[in-house]
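Participant: Okay, here's what each chain looks like letter by letter:
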Amino acid sequence: MTEGLTKAAARNIFYGGSLFFFLLFTALTAHSHWYMVNTSTDSEGLTDSVELGKHVWEENMCINCHSIMGEGAYFAPELANVWERYGGHDNPEGARMALTAWMRAQPTGAEGRRQMPYFDLSDEEMNALIDFLKWTDSIDDQDWPPHPAG
Amino acid sequence: MKYETQKVAQPFFMVAMALFALQIVFGLLAATVYIAPNFMADLMPFNIMRVSHTNLLIVWLLLGFMGATYYLMPEEAEQEIHSPGLAYLQLGIFAFAGAAALVGYQFGIHEGREFLEQPFWIKVLITISYLMFLFNTSMTLLKGRKTAINLVLMLGLWLAAVFWLFAFYNPSNLAVDKLYWWWVVHLWVEGVWELIMASLLGYLLIKMSGVDREVIEKWLYVIVGLSLFSGLLGTGHHYYWIGAPSYWQPIGSIFSTLEVIPFFAMVVFAFYMFWKGSRNHPNKAAMLWALGCPTIAFFGAGVWGFMHTLSFINYYTHGTQVTAAHGHLAFYGAYVMLILGIITYAMPQLRRVQPYNQVLNMWGFWIMTSAMCFMTFTLTFAGVVQTHLQRVLGMNYMEVQSQLDLFYVMRLGSGVAVTLAAVMLLYSFFGPSREQVPATSKPLTAAE
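From first to last, the protein sequence lines are chains A and B. So that you can map any letter, position 127 of the first sequence is 127 in the working numbering, and since no number is skipped, the others follow by simple counting. So that you can map any letter, position 240 of the second sequence is 240 in the working numbering, and since no number is skipped, the others follow by simple counting.
None of these hints come from the bench; they were simulated from the model. All values reported here derive from a predicted model rather than from experimental measurement. We put the CB at the ideal spot given by N, CA and C, even for glycine. One should not assume that every hint holds.
[Unchecked claim] Here are the simulated DSS-like pairs of lysine-lysine, each with C-alpha atoms no more than 27 Å apart in a straight line:
no., chain 1, residue 1, chain 2, residue 2
1, B, K146, A, K7
2, A, K7, B, K276
3, A, K7, B, K218
4, B, K143, A, K7
5, B, K207, A, K7
[As the list claims (entries may be wrong)] Estimated spans, in silico, between C-beta atoms of each pair:
no., chain 1, residue 1, chain 2, residue 2, range
6, B, L89, A, T26, 32 to 38 Å
7, B, P432, A, Y118, 48 to 54 Å
8, A, N91, B, I313, 33 to 39 Å
9, B, F264, A, A110, 44 to 50 Å
[To be verified] Non-contacting residues of chain A with respect to chain B, defined by C-beta distances greater than 12 Å in every case (computed):
no., residue
10, T41
11, A101
12, A105
13, N127
Sequences are here, hints too, so could you generate the full structure?
Facilitator: Have a look at this one:
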């Protein structure tokens, strides 16, 4: 850089500046945590069933095909808004039945179509998974995605 | 090779390259499923291929960082490695943990958060092995000479361990889970790993260009400063759509745009030192990697990152093939090329021969780099089409995917070319050292 900058000065700027930005980042993260728990997510609705549903989601590693809030493998549809896509806002019972039936019917075996494996979920686990997806749909995420298509 | 214990690096490089080969195999399988969806559907579902592909990358890059550290630390600290035995033990634990994770995945044994799928006990083993590594290298550093290269390197490695601890925190609130998940994922690859990258590049440039250490080390501090000043708040570009406050949109957009600067600075740094350098180092292939790494990192991480990092663009491109395109070139440029470059530089010295198989290595460089660029272009086109159809017009996901077949076929083709190049590189590293650089090159005294 400029001739006037010495190595010692560059080092001090690095350490001082990094510490400053780290503290700022930590403070904003703490505020975001608070905001998520109190404002953008439904903390009261985070029932044992939703929590179990998150475990089911993780145990079956859904994230390595699907995405949720845009993060995952992009090989299969976005699921943060699948509740909305299945009409859960207007007809929760219908959406629950349709999602259950869809997952129970896998794999389709259709030639040339991406295959979702069969996951051996109990009724409790299936309901919990859907509760988790329904809860996730309710997160205030700045209106993402732009279309119900996900 | 001045110090006997530098040789502990060699088994690290060998295990890393074996896992690199496996990573490419799983990548090929997954890319095949994209164009033939019934391929192996009953044997190995796509999610298993994908978790194997990504985890192998992370494990072999970490092994590469460790090998590189063991290789350069004695020279930089002017001190033999504290305990070579501990290094081999630590490698054994790490390799066992990685292999156990990989085998377990094939039988559905895993946790389920992306990139952090390793079962709990494997995470513990990884942590233990990594702490042994840090102890061993830090003890070496403490006893020896402190340079900007080894201090920044060790700082990056230690901070990577600190942020890794967030992998053990898995809250039941998905939004909070994601908030801290990025403290591992982003703060590694767009934060502290850049410290590792810049210091390893700095080391290669000191050795090969012959430019004065003071100059290179000053630049090193400037670059890693720029990395962290931009990269820490740059995490904001992952906080746009996960239930975090809206202030992350301006903060993330501004600071992640600034993340391009350190990558550009690394390009200038490498080329400037190359031109300024008086030393005509015989390892031309290593020099090629040392210049290629920051260049491709600038395009993959910098330009491709910037392309979709502004919040009002990311609103449409988030989680499409654009992200996949960026991910592939960024990892290849910044970290894969870095480790391949270090291995290219170190192997002749570890084997106590002149640089050898240079032409084959350089062919490997050009084929692999072109193929990765082509793969990135195909995925970028796929992503742009997907963004338009799905995010602008609102077409159904599966319908959109069926429009992208041509791009996925070309992606598999570039994957085959990467495989070919990998075979060439592995042969050039570990195969017989027949074509040693002729004696007409500048005298050996130039090489350290």
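Participant: Given the hint of 44 to 50 Å, is the C-beta distance from F264 of chain B to A110 of chain A inside that range or not?
Facilitator: 48 Å, holds
Participant: For N91 of chain A and I313 of chain B, compare the CB-CB distance with the range 33 to 39 Å and indicate the outcome.
Facilitator: 35 Å, holds
Participant: Within 27 Å, alpha carbon to alpha carbon, are K146 of chain B and K7 of chain A?
Facilitator: Holds, at roughly 14 Å.
Participant: Within 27 Å, alpha carbon to alpha carbon, are K143 of chain B and K7 of chain A?
Facilitator: Between K143 of chain B and K7 of chain A the Cα gap is close to 23 Å, so the pair holds against 27 Å.
Participant: Taking the Cβ atom of P432 of chain B and the Cβ atom of Y118 of chain A, is their distance within the range 48 to 54 Å?
Facilitator: Since P432 of chain B and Y118 of chain A have Cβ atoms about 50 Å apart, the given range 48 to 54 Å holds.
Participant: Mind verifying the non-interface call on A105 of chain A? Its CB should be farther than 12 Å from each CB in chain B.
Facilitator: Correct as stated: the minimum Cβ-Cβ distance to chain B is 15 Å, above 12 Å.
Participant: Taking C-beta pairs only, is A101 of chain A more than 12 Å away from all of chain B?
Facilitator: Its Cβ never comes within 12 Å of chain B, the nearest being 17 Å, so this holds.
Participant: Report holds if the minimum CB distance from T41 of chain A to chain B is greater than 12 Å, and violated otherwise.
Facilitator: 5 Å, violated
Participant: Within 27 Å, alpha carbon to alpha carbon, are K7 of chain A and K276 of chain B?
Facilitator: OK: K7 of chain A and K276 of chain B at ~19 Å, within 27 Å.
Participant: Is 32 to 38 Å a correct range for the gap between the Cβ atoms of L89 of chain B and T26 of chain A?
Facilitator: Check passed, 35 Å falls within 32 to 38 Å.
Participant: Classify the label on N127 of chain A as holds or violated, using whether its beta-carbon is more than 12 Å from each beta-carbon of chain B.
Facilitator: 17 Å, holds
Participant: Under the criterion that the straight-line Cα-Cα distance not exceed 27 Å, is the pair K7 of chain A, K218 of chain B satisfied?
Facilitator: The given pair, whose Cα atoms are some 4 Å apart, holds under the 27 Å limit.
Violated hint: 10 only; the structure is consistent with all others.
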